[in-house]
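Asks: As a plain string of letters, each chain reads:
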Amino acid sequence: MKRRPIRPEPLIFERNPARARRPGFRLPSVDVPAVDPRTVLPPNLLRTDEPGCPDVSEMEVVQHFHRLSQLNYAVDEGLYPLGSCTMKYNPRLNEETARLQGFTSAHPLQPAAQVQGALRLIWELERALEAITGMAGVTLQPAAGAHGELAGILMIRKALEARGDVREEVLVPDSAHGTNPATAAFAGYRAVEVPSGDDGTVDMAALEELMTDRVAAVMLTVPNTLGLFEPRIVDIARLVHDRGGLIYMDGANLNAFAGRALPGLMGADAMHINLHKTFSTPHGGGGPGAGPVVVSKALVPHLPVPRVVRNGDIFTLVQDDPASIGPMRGFFGSFLILVRALTYIWSLGADGLREMSEVAVLYANLVRHRLAGAYHLPYDGPSLHEVVFDDTRQTRHDVHNTDIAKRLLDYGFHPPTMSFPLIVHGALMIEPAESVAPEEVEAFCNAMLAIAREAEESPDLVRSAPHDTPVSRVDEVRAARKLKVRWTPEDE
Amino acid sequence: MHPWIGAGDDDRRRILSEIGLGSTDDLFSAIPPAVCVDRVPLANGLDEQAVRLELVAMALANLSPDCRPSFLGAGVYRHVQPSVIDAVLSRAEFFTSYTPYQPEIAQGTLQAIYEFQTLICQLTGMEVANASLYDGATALIEAVLFAHRVRRGKAQRVVLAETVHPMYRRVVRTYADPAGLEVLMVPAGGDGRVDPTTLRAAAGDESACCIAVQSPNFLGIVEDLPAVANVAHAAGALAVQVVAEAASFGLLAGGGAFGFDVVCGEAQSFGIPSGFGGPHLGFFACRNKDVRQMPGRLVGETVDSRGDRAYCLTLSTREQHIRRAKATSNICTNQGLMALAATVWLETVGGHGLRDLAAACLARSEDLKRRIEAAAGPWRLAFPTSPTFNELLITGPGEGAELARRLADLGVLAGVPSRTWGGSWPDGLLVAVTERTTTSEVEALMDGLGRVS
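Chains as they are written, first to last, in my numbering: chain A, 49 to 540; chain B, 2 to 454.
None of these hints come from the bench; they were simulated from the model. Computed from a predicted structure; not experimentally measured. Ideal placement from N, C-alpha and C gives every residue a C-beta, glycine not left out. You may find that some hints are simply not true.
Incomplete in silico selection of chain A near chain B, CB under 7 Å [said to hold, decoys possible]:
no.: 1; residue: I54
no.: 2; residue: N138
no.: 3; residue: R526
Restricting the straight-line Cα-Cα distance to at most 20 Å, the calculated cross-link-like pairs of lysine-lysine (PhoX-like) are [as the list claims (entries may be wrong)]:
no.: 4; chain 1: B; residue 1: K370; chain 2: B; residue 2: K155
no.: 5; chain 1: A; residue 1: K532; chain 2: B; residue 2: K290
no.: 6; chain 1: A; residue 1: K345; chain 2: A; residue 2: K206
no.: 7; chain 1: B; residue 1: K290; chain 2: A; residue 2: K530
no.: 8; chain 1: B; residue 1: K290; chain 2: B; residue 2: K155
Derived Cβ-Cβ restraints for the label pairs, each shown as a range [as the list claims (entries may be wrong)]:
no.: 9; chain 1: A; residue 1: P91; chain 2: B; residue 2: P188; range: 49 to 57 Å
no.: 10; chain 1: A; residue 1: D84; chain 2: B; residue 2: N231; range: 26 to 34 Å
no.: 11; chain 1: A; residue 1: Q118; chain 2: B; residue 2: T421; range: 39 to 47 Å
no.: 12; chain 1: A; residue 1: R358; chain 2: B; residue 2: D206; range: 46 to 54 Å
no.: 13; chain 1: A; residue 1: I362; chain 2: B; residue 2: L54; range: 20 to 28 Å
no.: 14; chain 1: B; residue 1: N231; chain 2: A; residue 2: I362; range: 34 to 42 Å
no.: 15; chain 1: B; residue 1: T421; chain 2: A; residue 2: A420; range: 56 to 64 Å
Hey, can you work out the whole structure from these sequences and the hints?
Replies: See the structure below:
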């Protein structure tokens, strides 16, 4: 449990208020003549103020960030059951390999002959992701899942254009993550919602009607954000393909079936993989992630450049290809994240991946089993890696999902996801992931059960939570109304 | 069972029995058998030492620029790397946490981002900065799309100076074409800078949503920012500055001082390893009046229920999880840990330190210019009278790519071939120096240039 600090940590700008010159970092000594910037640069372009922050000593910086770190919850502290986020253990071996000097110091514009190790790593990870998904090709370039979605939809757009087939719409189920419609819009398509059926999966009749020759692609999350597998996935793909469309699969939930089922067999044409979910790279307080996209044969020609090509034992780069959608970002992707993902995949292997998805699904079902008596389950199909409850039973006592979430903080757990799926009002979307011991999952369940009791017996206690955190409930409405997003000297 | 998985065989049997299932297969009964496999075509898992050895072998197969005189830049620079940075980034409280959706248990991440936003505002001279973007190239395309929104979708033209990093320009094209934007490129002038009059002509009247320039530009040369801002505004377009070498902020004022509407770019220079190209750190800063069109995450100050200062994510109504198809960007996250690295770096180096660091870059660069001008042989400064910060284009006896290879064979990473992505400028080497460059490295470079003549 996180406690309120005895001394609040000031902003770095509030330290050293007298603006005393203090020894900061010692720069390398300069053994060339100093240059007056005004003699070689246009004087009107020079900075007149002091750049950046006050001078502080090295230990002040270390203390500052040590104290700040104490205010954070983290995977290493306890269960972090954010649904669709797959907050699993970040193996320390990953951190070690990603810090190897041969990787960290490699410059992306060195001649290819000097970076054969880096190019081989990219090539190996590409082959591994193809093997895990049963797909024909892959790009490791996208910086995150949403970025991968955009790459995938742009490839679909390019493939359709190449066959002279211009289309305007992308179908997105109403249970989809918000990035799906946003991505469709950014790729120049109109996002059209497909309603879910009563069981929470795609309504086939509705899809049949919406799937016209205006539709470029259908974006599906498998399993969907309710943790339910689309039982008619093969039929859906056939329908879409028959009508000239392509299937975009949101791979955010790959942890549910990795090592057991193949998107290639499901009929996917493009699917992003969040390396920071399924393949254990750290979430880093919100990035950097990585969102490689695996593709079917139809999309291989349109993969982004640059691409790594293997000729015998030599790896080279292809910079240009008119069929490509072009580069999605600078260079080859979040390379040091790719190092971590390959470390993980080679450590687990085909056998370990099966165990991984097995325990992930097992834990979600344990949570479902333990909490089903206390929380309402809006869709009761078989759960895979996550289970979605709602707050119907608690709202009778005027306790809402956000209150339950805040009360969980007092019990020392991170809350579940609540912002989606939008089709569940008051959602509590729980994904335990496979890393923790069973006792940790059980302790979380016990906390949830205790809160359900509190909601009946002492709802005020829940509504006013959290009580034992570094700050009490934060006024998010005020933050938006009285926007203050930086410190200024006038604050002093 | 693999040690990174929490439950052993006994645990699994017990839990299966508790939830009333007979076997593991029952857990997956919802997945149609037609899409299932018994195993994926991948080797079985390796032990820790075996994996370590494989990865070490791959790392050793790269020639580290740390062990050679290196003058590679072109958007990725080798600056000082205080040990404090990785010490902070290695704290699990930072690197194993997620996006700070629950502010009560994420004040550490939130306050660090708030400090990052403040630092970016101070450096760029802008009023508001977001919590970061993927990298410099994607920051530029976000700036273009932002300008399109600010102009309410009425101006489809995007004017880019050719002296913007060619890789960034390519990324802009990837996004701009499907969005229906028309990208016009204005070639570099004879002095390696873009001519504001030509920019003005390309922008037309009220037709362009933005004019974007990079300064220092791809050729290392400082552009005439006040003139660019003036012509952009005269054309009814937003003025966008993109920066690929953020260390230049130590000496050069950001575009905010000259009326720019967006200053964005790449902040890899602030404590982030080159890492074969990523992850790096995009930044984005704009004016208060346009904040609701800004892409990406934003942290704001507020109070908790006891009235004490606290921070949280704010203006999320711009974002995809609320706005869905109408979001300002499809970006779902920021580059959190990299923003933390830059924050720690800037706070460690300090304000005076950043100025001294930039002054050292400039002094080293001017020293190199003098040496090249003084040397006998075919090597020349391509733009001898244009003002530069820490990077310069030199030409020699042949094409840049070939020269780079020959110098690499002599053990010197002499620079990035200037026409790696094409360009109207001379074909030579872009040579970058920093405060880490030593005189002996410069001597090795000059010696190498002398031998390739």
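Asks: All the hints need checking, so say for each whether the structure fits it.
Replies: Consistency of the hints with the structure:
1. I54: violated (13 Å)
2. N138: holds (5 Å)
3. R526: Since chain B brings a Cβ to about 5 Å from R526 (chain A), closer than 7 Å, the hint holds.
4. B:K370 with B:K155: violated (46 Å)
5. A:K532 with B:K290: holds (13 Å)
6. A:K345 with A:K206: holds (14 Å)
7. B:K290 with A:K530: At roughly 14 Å apart (the allowed maximum being 20 Å), K530 (chain A) and K290 (chain B) satisfy the hint.
8. B:K290 with B:K155: Holds: K290 (chain B) and K155 (chain B) sit about 18 Å apart, inside 20 Å.
9. A:P91 with B:P188: 49 to 57 Å: violated (28 Å)
10. A:D84 with B:N231: 26 to 34 Å: Taking Cβ atoms as reference, D84 (chain A) and N231 (chain B) lie about 28 Å apart, which means the hint holds.
11. A:Q118 with B:T421: 39 to 47 Å: Cβ of Q118 (chain A) to Cβ of T421 (chain B): about 46 Å, so the range 39 to 47 Å holds.
12. A:R358 with B:D206: 46 to 54 Å: Holds, since R358 (chain A) and D206 (chain B) (Cβ atoms, about 52 Å apart) stay within the stated range.
13. A:I362 with B:L54: 20 to 28 Å: Given about 22 Å between the Cβ atoms, the range holds.
14. B:N231 with A:I362: 34 to 42 Å: violated (52 Å)
15. B:T421 with A:A420: 56 to 64 Å: With a Cβ separation near 60 Å, T421 (chain B) and A420 (chain A) satisfy 56 to 64 Å, so the hint holds.
Violated hints, in rising order: 1, 4, 9 and 14; the structure is consistent with all others.
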